[in-house]
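Student: Sequence:
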Amino acid sequence: DWWRVAPGPYGAGPQVEGFAGGIEIPELFKHPEAEGKPEPAAGPAAAEDGSAVRGLVRFLNQRRRAKAEAKAAAKA
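Here the sequence shown is numbered in our numbering, starting from 206 and rising by one per residue.
FYI, nobody ran anything at the bench for these hints, they're computed from the structure.
Computed from a predicted structure; not experimentally measured.
Even for Gly, the Cβ is constructed at its ideal location relative to N, Cα and C.
Among the hints, a few may not be true.
[What the hints assert, rightly or not] Per label pair, the in silico range of CB-to-CB distance: (1) R269 with L233: 42 to 48 Å; (2) A277 with G255: 55 to 61 Å; (3) A273 with H236: 40 to 46 Å; (4) S256 with K276: 27 to 33 Å; (5) A271 with E238: 44 to 50 Å; (6) P237 with K272: 42 to 48 Å; (7) R269 with P237: 40 to 46 Å; (8) G255 with A278: 41 to 47 Å; (9) K276 with H236: 27 to 33 Å.
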């Protein structure tokens with residue numbers, strides 16, 4: 206079996222958590238159960254999401270403009 210290795214002269218080697226004999230321990234990969242589901246926020250949170258989107262769009266437009274200006278300057 207490829208995962209069984211005899212201890213070398215320097216000891217048994219490092220232990221890898223979550224790995225036992227070539228089989229992953231599935232309990233380590235499970236997400237903890239949530240005690241209660243959070244309720245969706247109303248009002249101000251929705252406005253914050255909208256402003257975040259506007260900020261992202263503004264940033265992307267500025268980046269696109271700067272890229273176009275750099276390309277035009279490189280041609281000149």
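Student: Run every hint past the structure and note whether it holds.
Tutor: Status of each hint after checking the structure:
{"no.": "1", "hint": "R269 with L233: 42 to 48 Å", "verdict": "holds, 44 Å"}
{"no.": "2", "hint": "A277 with G255: 55 to 61 Å", "verdict": "violated, 33 Å"}
{"no.": "3", "hint": "A273 with H236: 40 to 46 Å", "verdict": "holds, 44 Å"}
{"no.": "4", "hint": "S256 with K276: 27 to 33 Å", "verdict": "holds, 30 Å"}
{"no.": "5", "hint": "A271 with E238: 44 to 50 Å", "verdict": "holds, 47 Å"}
{"no.": "6", "hint": "P237 with K272: 42 to 48 Å", "verdict": "holds, 43 Å"}
{"no.": "7", "hint": "R269 with P237: 40 to 46 Å", "verdict": "holds, 42 Å"}
{"no.": "8", "hint": "G255 with A278: 41 to 47 Å", "verdict": "violated, 35 Å"}
{"no.": "9", "hint": "K276 with H236: 27 to 33 Å", "verdict": "violated, 46 Å"}
In this structure, the hints that do not hold are numbers 2, 8, 9, in rising order.
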